[in-house]
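As you go down the protein sequences, you meet chains B and R in turn.
Under the working numbering, the first residue of the first sequence is numbered 324, with each subsequent residue one higher.
Under the working numbering, the first residue of the second sequence is numbered 992, with each subsequent residue one higher.
Rather than coming from a laboratory, the hints here were simulated on the basis of the structure.
Do not take every clue at face value.
[What the hints assert, rightly or not] Simulated pairs of lysine to any residue, SDA-like, Cα-Cα distance not exceeding 25 Å:
hint	chain 1	residue 1	chain 2	residue 2
1	R	Lys1162	B	Ser448
2	R	Lys1162	R	Met1148
3	R	Lys1162	B	Gly340
4	R	Lys1162	B	Ala345
5	R	Lys1162	R	Thr1113
6	R	Lys1162	B	Ser330
7	R	Lys1162	R	Ala1151
8	R	Lys1162	B	Asn347
All figures in this text were calculated on a predicted structure; none of them were measured in a lab.
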Amino acid sequence: MNEHLDSETLERHIAGGRSLEAENHLHECAACRAAVSRMEAALAQFALSTRQWSESQTLSRPPAGWAAAHALPSRRMAPARWAAVAATAAVLLAVPLYHNYSQRQAAAQARADAVLLEEVSTDISRPAPQPLEPLIELVSQSNTGENK
Amino acid sequence: METAAETPVRAGDRPSPLDDFDAVVAAHWAGVFRFALVSLRDADLAATVAQDCFVRAFRGRQRFRGEASVRTWLMQIAVNLVRDAARSRRLQFWKRAQDASRDFEALAATVADGGASPETATAVREQLRAVWQAVRGLPERQRTVFLLRFTEEMELMEIAAVTGMAEGTVKVHLFRALRAVRQSLGHESL
Chain B
324 MNEHLDSETL ERHIAGGRSL EAENHLHECA ACRAAVSRME AALAQFALST
374 RQWSESQTLS RPPAGWAAAH ALPSRRMAPA RWAAVAATAA VLLAVPLYHN
424 YSQRQAAAQA RADAVLLEEV STDISRPAPQ PLEPLIELVS QSNTGENK
Chain R
992 METAAETPVR AGDRPSPLDD FDAVVAAHWA GVFRFALVSL RDADLAATVA
1042 QDCFVRAFRG RQRFRGEASV RTWLMQIAVN LVRDAARSRR LQFWKRAQDA
1092 SRDFEALAAT VADGGASPET ATAVREQLRA VWQAVRGLPE RQRTVFLLRF
1142 TEEMELMEIA AVTGMAEGTV KVHLFRALRA VRQSLGHESL
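So that you can see chain B by itself, here it is in the shape it has in the complex (with noise of 0.2 Å):
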C-alpha cells in the first residue's frame, strides 16, 4: 500500500480536479476513502444547511409579479415623463415656427421701409412740395407767355 495521499491532492479530489491516480489510491485506500467522506458530508451538510435556512426567510421568494412591478416604468413612461416629453416637442416645434414668424415680419418691415424711402426720394426730387406744383406750373406758363 502506497502512502496516504496528501493533502492538497485530497484537496483537489473534493473541489472536484479528480486524477486517475487519487481515484485508484481511494479505492485502495480505507483511511483516504473515510477522510474523503467526511470532508463531503460535512461540506453537504453545510450546503443543505445554508439552503434550509435561505429558504426560512420570507424574503427568499420572489416578489409577485416583480417585473410588473420595477421592469413597465422603462418601458411604460409615467404621465409626468410624457408631460416632460410633450413640453420638449412643443419647444422644438416652437422654435422653428417663431423663427420663420420673425423672417416673414422682418422681410415685411423691410418691404414697408423700402417703399417709404421711395416716396420720401421722390418727395425729396421735387422742386417743390406736391401742394406747389400746380402754382409753379401757372407761373411758369405765364413766364412762357411773357417771353412770346
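Using the hints provided, position chain R relative to the given structure of chain B.
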C-alpha cells in the same frame, strides 16, 4: 438537464428566456438571495442585493449576448453587488462579528434531529459550526469561490466566468478555502 432559464441566450431577434423576465426572476431569485445571505449574513441586505441584481439585469438585458447562461450572468452581477455591499458596510460587519453566535444559531436551527440520537445531532452541529467559522474567516475571494462551488454547486469553469478569474486562480482559492475548512474540522491529518 438544463432548465429553460439556464439555456444560453442567443443574440438577435430569436426568442430567449429573458423575454419572460418574471420567469427568470422566479427561477433565480432564491439562488441569488442565498448567495448574498450566506456572504453578508443579513437577510434585508441580501434581499436588497437580489433586488438590485435583477433590476440591473433587466436594464442590461439588451446587452446580453448569450455567451454564458442566464445563471452565470446573474451571479456575475450578484458577486459584484455583494462585494460592494460588504465593502460599504465594513464597519457594521465589524460590529456584527462580535455576535457571530447569532448567525450560527440560525444556521444550526436547520439541522433536523430526524430520529438521530442527541449525540449525533450534537456532532452534526459541531461539524457545522466548524465549517461556518472557517467560511466566515475566509478572505473575500476564497469565500466567494467556496460558496459558489459548494452551496451553488457550480463547476470551476462557471465560477471562473462568474468571478472573472482564470480557472487556475479559482482552483488555488478553492484549495486554500478547503484547507481552512479541513483544519477547522480537525481533518487535516489522517
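Each hint tested on the structure:
Proposed proximity of R/Lys1162 and B/Ser448 is contradicted: the alpha carbons are some 105 Å apart, above 25 Å. For a cut-off of 25 Å, the pair hint linking R/Lys1162 to R/Met1148 stands: about 10 Å separates their Cα positions. For the hint linking R/Lys1162 to B/Gly340, the alpha-carbon distance of about 9 Å falls within 25 Å, and the restraint holds. Of the supplied pair hints, the one linking R/Lys1162 and B/Ala345 holds, its CA atoms being roughly 17 Å apart against a limit of 25 Å.
Simply put, R/Lys1162 and R/Thr1113 have alpha-carbon atoms about 32 Å apart, too far for the 25 Å limit, and the pair is violated. The straight-line distance between the Cα atoms of R/Lys1162 and B/Ser330 is roughly 14 Å, inside the 25 Å bound, and the hint therefore holds. For the given pair, R/Lys1162 sits about 9 Å from R/Ala1151 by alpha-carbon distance, which is consistent with the 25 Å threshold. Distance restraint check for R/Lys1162 and B/Asn347: the Cα-Cα separation of roughly 22 Å lies within the 25 Å cut-off, and the hinted pair is therefore satisfied.
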